[in-house]
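Residue numbers (numbering that gives the first Met the number 0), protein chains in the order written: chain A, 0 to 212; chain B, 0 to 580.
Just so you know, these hints were derived from the structure itself, not from any lab.
Be careful, since some hints might not be right.
Just a sample of chain B residues kept apart from chain A, beta carbon distances all over 12 Å, derived [stated by the list, open to error]:
#1 Pro61
#2 Pro127
#3 Val351
#4 Thr389
Using C-beta positions, here's what the derived DEER-type ranges look like [what the hints assert, rightly or not]:
#5 B:Asn106 - A:Phe140: 31 to 39 Å
#6 B:Leu479 - A:Gly80: 30 to 38 Å
#7 B:Val523 - A:Phe140: 32 to 40 Å
#8 B:Asn91 - A:Leu142: 47 to 55 Å
#9 B:Ile491 - A:Glu190: 35 to 43 Å
Quick caveat: nothing in here was measured; it's all calculated off a predicted structure.
Note that the Cβ used here is the ideal one computed from N, Cα and C, for glycine as well.
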Amino acid sequence: MKRRALLTGEPAPRPSASLGPDYYTNAVLRTHEGREVRFYDDLMKDKIVAINFIYTWCENTCPLSTANMARVQKALGARVGRDVHMYSFTLKPWQDDVAALKEYAKPYGAGPGWEFLTGDNYDLETIRFRLFRWDHPALDFNLEQHVGMVRIINDRLDRWSMCPTLATTRQVVDAISWVEPTKPLAVRKRENVATQARIDAETRHLHAIVARN
Amino acid sequence: MSKSLDDLERGEITRRAALQLGAAAGAAGMLLSGKAEAQQYPEPPDPPPQPTPCPTRPANSPPTRPFVQQLPMPLPPIPRAFLSPTPAVGPNLNAGEAPRAAHQRWNEFLPRVLYDVRARPAMHRFHPDLPETYIWGFDGRVPGPTFLSWYDFPALVRIHNDLPVDHVGFGINEITVHLHNGHTASESDGFASDFYGPGLWKDFHYPNVLAGYDQYPPKGDPREAMHTLWYHDHRHSFTSPNSYRGLAGMYLLFDDKDTGNEYDPRPSALRLPGGYGLFDIPLILADKLFCADGQLFSNNPGGVPLGDKFTVNGAIQPYFRVFRRKYRFRLLNTGPTRTYSVALSNGAPLKVIATDGNLLQSAIDTPSIQINVAERFDFVIDFSTVPTGTKLYLTNNQAQFVGNAPEPQPIPGLPIENILMRFDVVGNPPLPDNSRVPSVLCEYPPVNLAEVARTRTWDFDLVSGQFLINNQVFDPDTSLADIRTGTTEKWILRNKLPLAGWVHPVHIHFEEFRVLSRNGAPPVPLESGRKDVIRLNGNDEIELFMRFRDFRGKYMIHCHNMNHEDNFMLVRWTIGDSFPA
Chain A
0 MKRRALLTGE
10 PAPRPSASLG
20 PDYYTNAVLR
30 THEGREVRFY
40 DDLMKDKIVA
50 INFIYTWCEN
60 TCPLSTANMA
70 RVQKALGARV
80 GRDVHMYSFT
90 LKPWQDDVAA
100 LKEYAKPYGA
110 GPGWEFLTGD
120 NYDLETIRFR
130 LFRWDHPALD
140 FNLEQHVGMV
150 RIINDRLDRW
160 SMCPTLATTR
170 QVVDAISWVE
180 PTKPLAVRKR
190 ENVATQARID
200 AETRHLHAIV
210 ARN
Chain B
0 MSKSLDDLER
10 GEITRRAALQ
20 LGAAAGAAGM
30 LLSGKAEAQQ
40 YPEPPDPPPQ
50 PTPCPTRPAN
60 SPPTRPFVQQ
70 LPMPLPPIPR
80 AFLSPTPAVG
90 PNLNAGEAPR
100 AAHQRWNEFL
110 PRVLYDVRAR
120 PAMHRFHPDL
130 PETYIWGFDG
140 RVPGPTFLSW
150 YDFPALVRIH
160 NDLPVDHVGF
170 GINEITVHLH
180 NGHTASESDG
190 FASDFYGPGL
200 WKDFHYPNVL
210 AGYDQYPPKG
220 DPREAMHTLW
230 YHDHRHSFTS
240 PNSYRGLAGM
250 YLLFDDKDTG
260 NEYDPRPSAL
270 RLPGGYGLFD
280 IPLILADKLF
290 CADGQLFSNN
300 PGGVPLGDKF
310 TVNGAIQPYF
320 RVFRRKYRFR
330 LLNTGPTRTY
340 SVALSNGAPL
350 KVIATDGNLL
360 QSAIDTPSIQ
370 INVAERFDFV
380 IDFSTVPTGT
390 KLYLTNNQAQ
400 FVGNAPEPQP
410 IPGLPIENIL
420 MRFDVVGNPP
430 LPDNSRVPSV
440 LCEYPPVNLA
450 EVARTRTWDF
460 DLVSGQFLIN
470 NQVFDPDTSL
480 ADIRTGTTEK
490 WILRNKLPLA
500 GWVHPVHIHF
510 EEFRVLSRNG
520 APPVPLESGR
530 KDVIRLNGND
540 EIELFMRFRD
550 FRGKYMIHCH
560 NMNHEDNFML
570 VRWTIGDSFP
580 A
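Next up, chain B with everything else stripped away, as it sits in the complex (with noise of 0.2 Å):
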């Protein structure tokens, strides 16, 4: 690969890294031939035609049996040995990248991992009972490919929009795809109205870095780790019916700490339960409602309206059969509205690991979690308490307030309501459980108050019929905080309004927080944790302590039910090195 001086001056990657990347695909290149490549990269194959809507909102899906499907398990995606076009500090407007600022910190975080993934339509079957259904899915996967990351290994992810051109009816055959809550610069962070359309691509650079990289070199603050994010279509007022669609997946990252292998002979290794498929399970909850017909229902107006099947990693009321030894569980919401309030149908308490993906400080058990939209519960289950033959149900318990529409109710006579999926122990492992939860699961960094350079406050009302946040709404060219880099700040949340129903999970991107108080009183061990997503009821006030650090450019804060999101329920803000301290 000869690299010439006018594409450096374009901005495109270093010498060094041209070579780096050239010697990998050199070598790849001699073992892929183009046909090869073809087979092992095969182009997807020709879109499903568009649904027509049903006829009418259904009251009910249809009846499906519970518990005649295994769960599935979204593979990771096949990583690349080369890009073409070649990667670039600069979007590459005339390949068909859609516009963008340059990658911040570029030669920094040269990616060592490249991946080229594809939003499109294909059709998925959610359950044997009803017949295959249109959706969109990253690589047409319903979730999408869970990326299995490691901390100082950047990724670069192309995304492409193959959604159809000719798109009619739900959504919008445009996206911007959000590593929630990765520590991203702005530019590749999926901002709302950084939308691109079909045929078009982008390239999202993920350093997976820690944050604090700068204040403590080389790597940036350990105590910092996420490790269970997720990622979804994040494009103004359409984010609700395009994730709803199937626009979403997960997102691990390991690090020496949370390794993924429960035999790491390394000191500083937890050892958790480990081997992403296999003892390390995502559990992504969707719920979706389904025509007479069984298609997905997917017709205008309005937002998303809850629904009444409960799917599990894109499958209705699944099963998983476990050995007699722990497991982690990654608990995802994707919504785009419901709220679950998860437990065990044996009473048995879930050992909560990680909130938002970042490990507590230490285990805590717990009756029952309460998930809001996109938060994430890490949870270890120890199957060895319970004989072979047992069956565990995974339940919920929330009901969730609609109003004047009644709440689609699973058809009567189905024999278990509100179960999410069945546990099946089947029998004692084949290798003893080599994996432990210590009691000791990391440290925090300190929540040191005389860091905090401003406190800001932002007030969730709705006026008229409007969601506003500051009484503003949703303006990409208007910031409503302008922070300096390297800042500390104190935020406090306030939901103007008293009634029940208006719940607003809070999501603010960018950097974890930590809730100072919710109401005047210290949190709730539950959400003592690093977190990025925080439930704001009717009447709460809510503290929070950030820090700013690392990378520039505008984000966002905005409640997560989707439904609201895209009713503009979300304002930008902006990290820079000019404004005022």
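Only chain A is shown next, with the shape it has when bound in the complex (with noise of 0.2 Å):
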């Protein structure tokens, strides 16, 4: 029956559901490493993204940010660059060019599959709002109120999640992995019984009466 297949199992290969380059934009962004990158063709198509905002010379939010991102990247490990690419795109670029970002990424240990970007101030502006469009101007038009925020896309699925930056780790990781293609149930069904152990350990904890059932 087509509707329990939908239900329990692969889904058949579908065509993407990208919102595209025409939503994305194609601008052309330089990484801290110095690489010319089209911003949709070579960071955004068929890939998983965690993207955020910052600025080198930002004290408040950003280096907390950077930090957690860091860690992030750690506890993907090897996913990151294969599965899921992390960009970090600069507010400032009249400020921020190729060597500013490649000596602030420097001590976090940004490795490969997460890059800074910087680019023209327009194209960047546009990318912006695009990806983190409030539709209040006191949000949109002041560049402070971009950095705490990830905002993560699976583009094939057009799904979108975000993460405030000043959450854990574990929740930045468990974000990225929601715009994730829906696991075969019977792998869903198995992670349940783990969940479950910690679901029991934690209520038995908190509940005297679970013995009165």
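With the hints as a guide, dock the two chains, each given alone in a separate frame, to form the complex.
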């Protein structure tokens, strides 16, 4: 039955649901290693991406955010650059050229698969509006309001998620998992057994009266 | 139905209950052969194909003629004689139940009514001038079925996730359903990170029990009765798109005061206008945006935008024929973000009898009702005060500040703007109006400040584009308040931002609260009742009185503007027996 198959079987390969370069733009950007890239074709197409915004002179949130993203990279291990791609865009390209970004990235140990990007200011602002629009002028036009969020997108599925950069590393990793394709039911049922064990441990701690049942 | 010892050890229902259920099931089983059951509970149709997003975000929805559709009435779900597998205290992982804690106090509140509901995609027509469009609904309906429940009749709702496994685009194919604001154990309360995906299901145990069950045996405190609740998906970070797509419905609770029967002979009965769908009418508000081709706008990114089409019970600007008698309307704002200010076009006051589903001690006449996301207002209109042939309009007069995106405006030239629906007074009722609105509706439990064990403050803020509650974002494993079962607390809500734009309708799960003060002054009459959602304007400071009784586990406090909520503006708190008093 078609409905049952959709619920329990492997999903048949689908054409991409991506919003495409028309939405994301193919603006030409430069990575902190000096590589020239087009935003959609080279950075987004068919990928799972985690994008956040920083600027190198930022003293409040950005160091914490970038440090958290470094921990996320470590937690994801070999997946970064393969399944998941991390990008940190500068909010102030007039200050942050390729050399500045390379300097900034060094102490955080940004490895392959995590790139810092700069480019033309208009292009970056367009991309920022496409990814992080608030519909509120106090937020959209205030650069400081964009340093606290990671935007996570699965391009092929057009599934979008977000996570505060102040969340725990585990939460950012979880939020990235939310945009992945749904796993087969059998796999999820196996994972549920482990989840149940965690729930039982926590509940035992809380409920004095479970025994009454 | 034979139950083995193994079943008992696995924590399945007790022998006594099994016999009770079995008796009913046996009788029903004789009546419903396999084929008959298939007819009674047919398989849902194959799901419609997922839509492609609109090429651009529309400035306006296409035009639709107002008042060409009758107000739809969401039907109640069909109760089941039995569920297979049999509901049990612990989750049935093998059969596909999602992981959950064991149902607390299962043996004290054994389900007497069973339901089986499927969250699934379907096509829905919001208006005859628009094509059918892709939605997600409980049992494929928008709004979802209206549950009719009674106190002391515990219910169990098995909710299946039949959303597409190959889902793309808007929202996510995982759900966790919250009954807002039931006195429910944590494992059935729809905690935001307890979501489950397609092919799985979960049993939600709704004891339909009064708060204060332990304090006031045998049945709890009758002054804590609630009557108008709603349910919706609460999946962390995707609540806004999932609810907007249609995963919401109403849940009514009746007791021996609010009985639903205006002919009820019992002296306790209030005899408010009654008869769901006849004179007891849900008004479920949701604003929607439609693309040029008429499909429901459901594009990423980010939050759900404001809609320019007002739907009531899933229909755009419907009409409703009424007799010249009293009607009870249960107004619900399902959001995801809009606030309404509702009034009648002839200026006649609305007689409010309940706030957030809780009866007021006495009805309050008000010219307009400001209803924030997730609030409910029950009000009575007496149409006998106007002649047959009158048309009255329910209007919305709340401008919504949206910042730089222009507020979607109805197409200029539409004869009527900002109208939610029309009432058509068609004549005298066939039977005399036996309903009444007594001058005293109920009595409240005392607000006894001496009981308060602790005061907690909750600061709602926005820093570097991130919404925060007490400087934190949602973490399911971090509890910002550990509350000992059975205690009473004072909670202070503060909005740290002065900007007029950042209003937060704050919702606290579990018990209802009383407002002690707003900015140092006593609450206005419509905020003096028992409530569970309170609007926090810029710079506001609100003091609340709350109790935490009967159940344990994790619950939430959050802003119910669903776009904010999805930006992690919610936090966990916990009730437990071993926390310090």
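Consistency of the hints with the structure:
1. The beta carbon of B:Pro61 sits about 22 Å from the closest Cβ of chain A, which is more than 12 Å, so the claim that it is off the interface holds.
2. Listed as a non-interface residue, B:Pro127 keeps its Cβ farther than 12 Å from every Cβ of chain A; the least gap is roughly 29 Å.
3. Every Cβ of chain A is farther than 12 Å from the Cβ of B:Val351; the closest lies at roughly 32 Å, confirming the non-interface assignment.
4. For B:Thr389, the requirement that its beta carbon stay farther than 12 Å from each beta carbon of chain A is met, with the minimum near 40 Å.
5. For B:Asn106 and A:Phe140, the Cβ-Cβ distance of about 59 Å falls outside the hinted range of 31 to 39 Å, so the restraint is violated.
6. For the hinted restraint 30 to 38 Å between B:Leu479 and A:Gly80, the CB-CB distance of approximately 37 Å keeps it satisfied.
7. Evaluation of the 32 to 40 Å hint for B:Val523 and A:Phe140 yields a pass: the beta carbon distance comes to about 36 Å.
8. At about 52 Å, the beta-carbon gap between B:Asn91 and A:Leu142 stays in the expected band of 47 to 55 Å.
9. For the hinted restraint 35 to 43 Å between B:Ile491 and A:Glu190, the CB-CB distance of approximately 40 Å keeps it satisfied.
When held up to the earlier numbered hints, the structure conflicts with hint 5 and nothing else.
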